[in-house]
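Build the full structure now, drawing on both the sequences and the hints.
Chain residues, written in single-letter form:
Protein chains: 2
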Amino acid sequence: MPRKLQNEDSILRKIADVSQLSRGRGAGQSVALGIGDDAALLRPKPGHEIVLTCDWFLEGTHFLRAKHPPDAVGWKCLARAVSDVAAMGGTPRCFLLSLALPETHTGRWLDLFLGGLRRASRKFQCALAGGDTTRRDEILINITVVGEVRAGSAVLRSGARADDILYVSGRLGEAELGLQIVRRTKGAASKNNPLIRKHLYPEPRLALGQWLAKKGLATAMMDLSDGLSSDLPRLCAASAVGAVLESAKIPQVQTRDLALKHGRDSLQLALHGGDDYELMFTVPPRKAKLLPKTFRGVALSPIGKITRGRELPVLEENGRKSQLIPSGWDPFRKKH
Amino acid sequence: MPRKLQNEDSILRKIADVSQLSRGRGAGQSVALGIGDDAALLRPKPGHEIVLTCDWFLEGTHFLRAKHPPDAVGWKCLARAVSDVAAMGGTPRCFLLSLALPETHTGRWLDLFLGGLRRASRKFQCALAGGDTTRRDEILINITVVGEVRAGSAVLRSGARADDILYVSGRLGEAELGLQIVRRTKGAASKNNPLIRKHLYPEPRLALGQWLAKKGLATAMMDLSDGLSSDLPRLCAASAVGAVLESAKIPQVQTRDLALKHGRDSLQLALHGGDDYELMFTVPPRKAKLLPKTFRGVALSPIGKITRGRELPVLEENGRKSQLIPSGWDPFRKKH
Numbered sequence: 001m002p003r004k005l006q007n008e009d010s011i012l013r014k015i016a017d018v019s020q021l022s023r024g025r026g027a028g029q030s031v032a033l034g035i036g037d038d039a040a041l042l043r044p045k046p047g048h049e050i051v052l053t054c055d056w057f058l059e060g061t062h063f064l065r066a067k068h069p070p071d072a073v074g075w076k077c078l079a080r081a082v083s084d085v086a087a088m089g090g091t092p093r094c095f096l097l098s099l100a101l102p103e104t105h106t107g108r109w110l111d112l113f114l115g116g117l118r119r120a121s122r123k124f125q126c127a128l129a130g131g132d133t134t135r136r137d138e139i140l141i142n143i144t145v146v147g148e149v150r151a152g153s154a155v156l157r158s159g160a161r162a163d164d165i166l167y168v169s170g171r172l173g174e175a176e177l178g179l180q181i182v183r184r185t186k187g188a189a190s191k192n193n194p195l196i197r198k199h200l201y202p203e204p205r206l207a208l209g210q211w212l213a214k215k216g217l218a219t220a221m222m223d224l225s226d227g228l229s230s231d232l233p234r235l236c237a238a239s240a241v242g243a244v245l246e247s248a249k250i251p252q253v254q255t256r257d258l259a260l261k262h263g264r265d266s267l268q269l270a271l272h273g274g275d276d277y278e279l280m281f282t283v284p285p286r287k288a289k290l291l292p293k294t295f296r297g298v299a300l301s302p303i304g305k306i307t308r309g310r311e312l313p314v315l316e317e318n319g320r321k322s323q324l325i326p327s328g329w330d331p332f333r334k335k336h
Numbered sequence: 001m002p003r004k005l006q007n008e009d010s011i012l013r014k015i016a017d018v019s020q021l022s023r024g025r026g027a028g029q030s031v032a033l034g035i036g037d038d039a040a041l042l043r044p045k046p047g048h049e050i051v052l053t054c055d056w057f058l059e060g061t062h063f064l065r066a067k068h069p070p071d072a073v074g075w076k077c078l079a080r081a082v083s084d085v086a087a088m089g090g091t092p093r094c095f096l097l098s099l100a101l102p103e104t105h106t107g108r109w110l111d112l113f114l115g116g117l118r119r120a121s122r123k124f125q126c127a128l129a130g131g132d133t134t135r136r137d138e139i140l141i142n143i144t145v146v147g148e149v150r151a152g153s154a155v156l157r158s159g160a161r162a163d164d165i166l167y168v169s170g171r172l173g174e175a176e177l178g179l180q181i182v183r184r185t186k187g188a189a190s191k192n193n194p195l196i197r198k199h200l201y202p203e204p205r206l207a208l209g210q211w212l213a214k215k216g217l218a219t220a221m222m223d224l225s226d227g228l229s230s231d232l233p234r235l236c237a238a239s240a241v242g243a244v245l246e247s248a249k250i251p252q253v254q255t256r257d258l259a260l261k262h263g264r265d266s267l268q269l270a271l272h273g274g275d276d277y278e279l280m281f282t283v284p285p286r287k288a289k290l291l292p293k294t295f296r297g298v299a300l301s302p303i304g305k306i307t308r309g310r311e312l313p314v315l316e317e318n319g320r321k322s323q324l325i326p327s328g329w330d331p332f333r334k335k336h
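Respectively, the protein sequence lines represent chains A and B. First residue of the first sequence: 1, per this note's numbering; consecutive thereafter. First residue of the second sequence: 1, per this note's numbering; consecutive thereafter.
Some hints here could point you the wrong way.
The list cannot tell twin chains apart, which means a pair is met if one copy fits it or any two copies do.
As a list, the in silico BS3-like pairs of lysine-lysine whose alpha-carbon atoms are at most 30 Å apart [as the list claims (entries may be wrong)]:
no., residue 1, residue 2
1, 261, 289
2, 249, 215
3, 261, 45
4, 215, 191
5, 123, 67
6, 287, 261
Hints are computed from structural coordinates only; laboratory data are not their basis.
Shown next as structure tokens:
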């Protein structure tokens, strides 16, 4: 059967279907005008600020065409951009999708990709509002998410103060271990393994971020995308503070043997593994008792303390002290 | 001298400088929080809607590394996204820059690119608010522009009605001819030729778009990015109308001999050439007399009429009638 070549307008119609569906669920009622014009129109909610973020999701850099199921690519490209809105304490409202595709991927691959994207769009109540589509040999994705937050209540990176307690949600290093398993598995990845699921279908901590912002509990917050050892220095630099980490308190993968089998120590995974999309936040000591041990089933773990100095020591269980060296994901780092 | 490899944070600092400069001129006073956090914050103006648009600008697809000066790449990637805001009658407020670069381009190339981007940011009063930067063998750019428009006054593609007069600003085909000259020139392009300048440094018609929206003169509007023969059918489809074009009235390049020298007929250039970023808009006959012949030095030319039928005939000077065939820029069109 001859493969029908499709032009941009017909691909746009496929994509517009996602917009219809995601808006049908009420996610996009605030999008006054969506796909099909020069630009989208959004009606801002009175008393709120607009939250803006964008993220690359590029074949070969952020995902592998042969390894990553298309619906996971669709889910994750939106989830990781939405995670930045969660990290401000905001609520996502709509997104723009920029997509570059090979002609060979405008059929089944695109349908599955849009299926994953549609599920994410419904789950996060974030409607597709527009985008740009072009042809390219490699699959390139860029997502812009627009959210909102009550004016003045966004939680920034810059608000951490000495003696604040440093928390993280969930367990760190799981997504990185999931990636290792995916890399070493022949063919496409199994979606049943919870570590692989965490890597393929991350869940941005929207409800937690919104709750922390609403209650005014967190002084600073960011999401962990590049790994604790890369992201904590960024929060500390923005707040002009340091931090001391207690390695025994850092929540790690529960399958330490599996980690070792893949040549990884679970503490190293927790310190340097990327893609967890958990939230890291600071809470003043007097408010810490208001924080539950878990929030909607996700553990909230105190892992250290903010300090006045600019250093970032890690206290190990054996009493030794080492300095935290950023070793997470940085595409511009010189590789040794 | 050993070339110093730069990491993402230092490149982000360079980019953040553009943000400081563009905000220093007052463009970004509404950006409550810019580069350096998980997301940017924007304070919406009461009574206004948010205009959202994004655009790819990819090496090999939209520009050539060896032919296009880096500062033109910086100018144009923002100008073409801002043009979509102009086409709604909106005012740009801020933009997000997603940039993927080879390590070799993080020095001089990046500096020149950011110089062009900074000039455009000042000219369009559109402040850099955030972005995402990564390493890649090819130069990939994605720009999201956020603008605003008084609620209810945006000019959509869907408002054209039978008997409305169809207008375009400026002359069509100039940028395409500029591109032909650039392609045939050895080495980097000269910036003195006005056709090359139109190709390298397009000027989005912001003031015209805002004026048409404010005065309520245009029933439908879009910008000409892919060429008249591709873009007019889109406006007509959105409005469920047809149009008749008078070829003699279409404003063409003034250098017909030069066009022929490059193997191009000036009417064909005007019909199918892309990248002009002129505005195409429709005006009811009773309001047409309110429209000046030029607006701030840019010609406004009536080129045809909107019709009830869905056809798109072109009336030629010799009395012949042909159908308009979309032959502008469509990266997914089957190449014959």
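Verification of the hints:
Proximity of residue 261 and residue 289 under a CA criterion of 30 Å is satisfied in neither setting, with 39 Å inside one chain copy and 79 Å between copies. Proximity of residue 249 to residue 215 under the C-alpha cut-off of 30 Å is restricted to the intra-copy arrangement: shortest distance 25 Å within a copy versus 64 Å between copies. Proximity of residue 261 and residue 45 under a CA criterion of 30 Å is satisfied in neither setting, with 51 Å inside one chain copy and 56 Å between copies. For the homomeric pair residue 215 and residue 191, neither the shortest alpha-carbon distance inside one copy (36 Å) nor that between copies (56 Å) is at most 30 Å.
Taking CA atoms no more than 30 Å apart as the test, residue 123 paired with residue 67 passes inside one copy only; the shortest distance there is 24 Å, against 45 Å between copies. When the C-alpha separation of residue 287 and residue 261 is checked against a cutoff of 30 Å, the pair qualifies neither within a copy, at 41 Å, nor between copies, at 76 Å.
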